[in-house]
Each structure stands twice: as C-alpha cells, then as structure tokens.
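Position chain B against the provided structure of chain A, taking the given hints into account.
2 protein chains.
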Amino acid sequence: MRIGLDVMGGDRGPEEVIAGALEACALLEADDRVVLVGDQAVIEDKLSQAGGENRKIEIHHAPDVIGMAESPVDALRTKPKSSIALLASLHKSGELNACISAGNTGACVAAAQMRLGRLAGVHRPGIAIVAPTTAGPVAICDVGANVNCRPLHLYQYGVMTSLYIKAVTDIETPRVALLSVGEEEGKGNELVRKTAELMKADSFLNFIGNVEGRDLVSGACDVMVCEGFVGNVVLKLVEGIGEGLMRGLMKKFAAAMPDQMERIMQIAAGMREQYDFNMYGGAPLLGVAGIWIICHGASSSVGIANAIREAKAFSAHKVNQHIIEQLSESRD
Amino acid sequence: MRIGLDVMGGDRGPEEVIAGALEACALLEADDRVVLVGDQAVIEDKLSQAGGENRKIEIHHAPDVIGMAESPVDALRTKPKSSIALLASLHKSGELNACISAGNTGACVAAAQMRLGRLAGVHRPGIAIVAPTTAGPVAICDVGANVNCRPLHLYQYGVMTSLYIKAVTDIETPRVALLSVGEEEGKGNELVRKTAELMKADSFLNFIGNVEGRDLVSGACDVMVCEGFVGNVVLKLVEGIGEGLMRGLMKKFAAAMPDQMERIMQIAAGMREQYDFNMYGGAPLLGVAGIWIICHGASSSVGIANAIREAKAFSAHKVNQHIIEQLSESRD
Numbered sequence: 061m062r063i064g065l066d067v068m069g070g071d072r073g074p075e076e077v078i079a080g081a082l083e084a085c086a087l088l089e090a091d092d093r094v095v096l097v098g099d100q101a102v103i104e105d106k107l108s109q110a111g112g113e114n115r116k117i118e119i120h121h122a123p124d125v126i127g128m129a130e131s132p133v134d135a136l137r138t139k140p141k142s143s144i145a146l147l148a149s150l151h152k153s154g155e156l157n158a159c160i161s162a163g164n165t166g167a168c169v170a171a172a173q174m175r176l177g178r179l180a181g182v183h184r185p186g187i188a189i190v191a192p193t194t195a196g197p198v199a200i201c202d203v204g205a206n207v208n209c210r211p212l213h214l215y216q217y218g219v220m221t222s223l224y225i226k227a228v229t230d231i232e233t234p235r236v237a238l239l240s241v242g243e244e245e246g247k248g249n250e251l252v253r254k255t256a257e258l259m260k261a262d263s264f265l266n267f268i269g270n271v272e273g274r275d276l277v278s279g280a281c282d283v284m285v286c287e288g289f290v291g292n293v294v295l296k297l298v299e300g301i302g303e304g305l306m307r308g309l310m311k312k313f314a315a316a317m318p319d320q321m322e323r324i325m326q327i328a329a330g331m332r333e334q335y336d337f338n339m340y341g342g343a344p345l346l347g348v349a350g351i352w353i354i355c356h357g358a359s360s361s362v363g364i365a366n367a368i369r370e371a372k373a374f375s376a377h378k379v380n381q382h383i384i385e386q387l388s389e390s391r392d
Numbered sequence: 061m062r063i064g065l066d067v068m069g070g071d072r073g074p075e076e077v078i079a080g081a082l083e084a085c086a087l088l089e090a091d092d093r094v095v096l097v098g099d100q101a102v103i104e105d106k107l108s109q110a111g112g113e114n115r116k117i118e119i120h121h122a123p124d125v126i127g128m129a130e131s132p133v134d135a136l137r138t139k140p141k142s143s144i145a146l147l148a149s150l151h152k153s154g155e156l157n158a159c160i161s162a163g164n165t166g167a168c169v170a171a172a173q174m175r176l177g178r179l180a181g182v183h184r185p186g187i188a189i190v191a192p193t194t195a196g197p198v199a200i201c202d203v204g205a206n207v208n209c210r211p212l213h214l215y216q217y218g219v220m221t222s223l224y225i226k227a228v229t230d231i232e233t234p235r236v237a238l239l240s241v242g243e244e245e246g247k248g249n250e251l252v253r254k255t256a257e258l259m260k261a262d263s264f265l266n267f268i269g270n271v272e273g274r275d276l277v278s279g280a281c282d283v284m285v286c287e288g289f290v291g292n293v294v295l296k297l298v299e300g301i302g303e304g305l306m307r308g309l310m311k312k313f314a315a316a317m318p319d320q321m322e323r324i325m326q327i328a329a330g331m332r333e334q335y336d337f338n339m340y341g342g343a344p345l346l347g348v349a350g351i352w353i354i355c356h357g358a359s360s361s362v363g364i365a366n367a368i369r370e371a372k373a374f375s376a377h378k379v380n381q382h383i384i385e386q387l388s389e390s391r392d
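Chains as they are written, first to last, in this note's numbering: chain A, 61 to 392; chain B, 61 to 392.
Okay, chain A solo, but in the shape it has when bound:
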C-alpha cells in the first residue's frame, strides 16, 4: 500500500518525521511505499543526511505548509498546495491509500472530511486515541474532531471505536462506556442520556453504561465515548498531570535521596516510556472514506513509525468495511 506522510507537520521538524519513515521501512512489505509529502529540497537534504535513498520511500513536493495555529478551513482554501491539502487530494485520487500527519489537527480533520468524505452511514468522523493507562490501554473517542456532538454521533463513535479496537487489539468484545458526571443512569447532561438510550438499544455494542473521569485509569472500560470538547480536555489534562506529577516527585526524591537518583531516574524513565503516547503511534480519524492517522505534534520517530504500522493494520483488518457493514446492520 502507499502511505502518505506529512513531512512538514510535527513540532520536532522534518528530520524526525523522515527518521520515522526510515525506521518503518524495515517492517513494510516489498511493494509498500511511504510517500513523503513536503518541501522537496528539504526532504532530499534530510534524506541524504539520514543515509541516502530507500526504495520504499518516494517524495511528493508540497510547496506550502499549514501552521499549527492557522484556522483549518481558511488555510485549506488558501493553501491547496500545502502538505495536508495535497495528502487529502492524493488519497482521494487513489495515489495514496492512507495519510499520516503530526501537523494541524483541525486541518487534517477538515481536509479528510471535505476531500475524502464520510463512510456510508457515518454522520461525523471522530478521532479515536488509545491512551496507555496504568490499568491498560483505553480508547477514547472523540478527542477533538467534533465539538458539536449529537447523540447519534456519540453512538456511532461507540460502534466505530469498538470495531477499531476489535481489529487492532486482542480484545474480542470491547466494553464501551459513556463518559459522564456520575455512574448512575439519569445523571449527566441530555447528550449523555440520549446517547445511552441509543447505545443500550444496539445489541452489537457491549455497552456497560456511564463512567466517570477516574475510570479512565480504573480498568472499567476499553472504549470511552465522549464529545470532542471533553475528550480533548481529557487528553491534554492526562498529559499535563502525568508530566507535572513526575516532575514534582522527582524534585522531592532529588532533595531527600540524592544518593539514589540514578536508579530512581531510570525507573521514572521506564514509567515515562510505558505511558508514552508514541507507543501507540497515532489516532485514526474514524468515519472518513479513507485512512487518516493523526499523530501527536510532539511525535518522535518511534511515534511516526508506529503510525505507519497502524495505517497498515487499519487497512489489513478492513476497519472501514466493518464500520460500513455494522452501521448498515444497526439501521436495519
């Protein structure tokens, strides 16, 4: 398959993204290709610095780039030759089978929605991220694609994320929960109450009811459904708290046990690695008529390489076909 990679996105610069592509190549099949989309001169320069050519790597020149702070829809309109806009066009025309970007998330969502369109039956695409927690991985959807959710959107996030998790993990029947402000039925806002009704009515879903914020790390569910505003706040908060707590704790250790800091730092590093978002590569934009993996802006080469593997797995397990079939069945 041909996987397009946005070289201009990502806070760590093109060399990190390209390094990720090269790392992934070893694991790709002979006829797979990673198409680096971005400034050709920059890519050629970084590629030669990184050790030269690789026959699984191709380059597609994109003269423009959408900044992290730009308004997505405006930027796509004024920059049709930006790496993100070109990724979408190349996917649409069949020259690519999947897109990966660590750039402007809003622009990725808008480009995918506008150019690729939605899968049959899907009302709104949603970003599903797999969060590594102390109680195991939990998929959260949506983490920011859709801040105007209706019950049907959330219900479909439950179906799509279930199918995704079934496909890419060994969890047979993912436990789906709705993120709310109390576990008791009837609590929460109207969106949650109406979504719960839809979820309960679909026997395909292993819907276990409402959970609270703390259940992200309690092991209570495999899939946590929420609207994009809440999901994005949760995502950023989890990162921030983890970092803050580790920093605070290390300061205390350094003051009280300076003689043990080498071993302590080693253990902390192991902890950080275990809960590193890069282990999960990227977050698929579920529901678009194609494969689009959104990476964290701060993705390392490991994160990019894992996103490339994830695109492969998403395709191999026919996640999109399962979504179309399941949503069609649920409607009948």
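All clues given are correct.
Short derived list, chain A residues pointing at chain B, Cβ under 8 Å: (1) 193; (2) 195; (3) 295.
What the simulated footprint calls covered on chain B by chain A, stretch by stretch (three residues with Cβ under 8 Å from a Cβ of chain A suffice, anywhere in the stretch; the number is not a length): (4) 188–197; (5) 261–275; (6) 286–296; (7) 304–311.
Think of the hints as simulated: they come from the structure by calculation, not from any bench. The model shown is predicted, which means the values in this text are computed figures rather than measured ones. Don't be surprised by glycine CBs; every beta carbon is placed ideally from N, CA and C.
Chain B alone, transformed into the frame defined by chain A:
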C-alpha cells in the same frame, strides 16, 4: 457564627465528620457554634466516644438521610427531614449562617438553590474547587452544579471565583482563563467563544484567554472556568490519574529498589499529603444566597475541619457581598 454540619454525609461515616467538628472547635471563636445535623442518637453516641461534650457543639436531630445515589430533587421532596434538607431550612430561617456537607452533591446544590435562592444578579450557582497542583493552587468553576451552561453563567463563574480567590488567598488579581480545546482565539465551541467575548468586555476580570487541559498544572492561570460537565470530568480524572500513577510507580520501585522502599514510601506519602484535597476543605457553592461548602465524599476529619474554617473565612471576607456588588457594577 453558626455553622451547620451534615453528620450523615461522607463515605467515612459520622465519627469522621464529628471528629472534624471537634478538631475545628479549638480554632473557632467563643461564640461560634458547630451544629451537627443528623441522627441524634448516633451523634450523641459518637460524641461521647470522642471524649464527650464541647460547648461549641450543638445537635439538631434529622431523622432521615439522602443517599449518595438518590435523585436529588426527588429525595429532597420525599425527605424534608433529611440532614441536607434541614440544613437548607435552618440556613434559610437564620438559625444557621453556613452549611457544610460531604453528602450527595446534587442534593446540596438543589437544596441550596431551592431553599436559599440565588444572590441578586446571579443566574446559576457554580461549585468552585481549589485544586492543589504542582504549579500551585488553581480554582476550577464549575465542577458539577450546572451541566447546561450558557455564556452568561460561565462569565459569572469567572467573576465569582475571582472574588472568592481574592478573598481567601493572597492573590490580588487572579488570572482567569477559559478551559478550551486550543489556546488560539476562535478555537473551542460556541459556548467558549461567546463566553470569551463577555469576559473580555468586563475590565474587572483579569481574563487571560483560553487554556487547554494541560494548563491546570502549568501555572498559567489562577482560575479556570468551564461548564459543570467538563469540570466534573476534570476533577474526577485528576484524582484518578494521580492515584493510578503513584500506584504504578510504587510498584516499579518496590520491584527494583526493595531496599529503599521505606524512604520512597515516606516521600510518596509527603507528595500525597501535599496534593490531598483535604487540605482545601471543601468547595463553596458560589452564587447562592448563603454559605454552602460541599466536601468531598471521602473527606477526612482534617477535610471537615478545614471546611469549617473555610466557611468562617467566606463569611469574614464577605464574599457574597462582593459578588452582589461586582455583578451589579458589571451590569451598569
């Protein structure tokens, strides 16, 4: 002043709440009273176990109790003699000047709203909690009173929480931020965008713009405003992640450095204490025509004692009067 304390609320049982009342007594003024509201026999029994009478303690019998999982409005209607319903009535009639409960939060909010009413100019009360973070304390409002927020409600949360923080801390001009999904203006949902306009238009507010989830621990703001659904998710999540991370880390330490576990556990305990919600006592329900402090269900006696001191401070600093005056000025 006369402070009513719900003895029947709280996961740790009446003895813990009563222990908190007794701890607080030493710090109260001679004519202050803590009125224990709950089952008289239980209170008398626990009081005598705890060392007998205290002339600053009174008892008001409440034959009924509202459970944690009960529907607030239904429970208040069917249980007018429950401790929470009686607290509200006694406050309304002037027999109490403040109420404290670690019981059913929804019932507290409903009882306060229905019996005490709102301060002049206030549209919706909101719960403001002070979260201890590695970057210092941050007040979050609302954390669960109002899951159907309009821009005006959020704007008023900003004003009320600013005044509260000014009164009870040494922060002169609290930096107020709106919790959103991106720092850039224009990002977020409609509620956030419209609230930002209102906040910018009021020169009283030191409005610094939008922040993201991670900014809860970045030190970027002193007051974080959000609607109750999001705030409650955030609150529960913070608790859960902190606990989960510490547990995971301690497991690693125990495996790798068993010889150092005594010192490590000591430092971890210090960390837990520093970020213990009990240090902040409780969360005021801002905007009601009275003083109502909502405590965490798992509050220890220290948490209860701090909530009693907080009620005193809230009264001494005339927070409600400031709210009425400021909202009246903002309207002019």
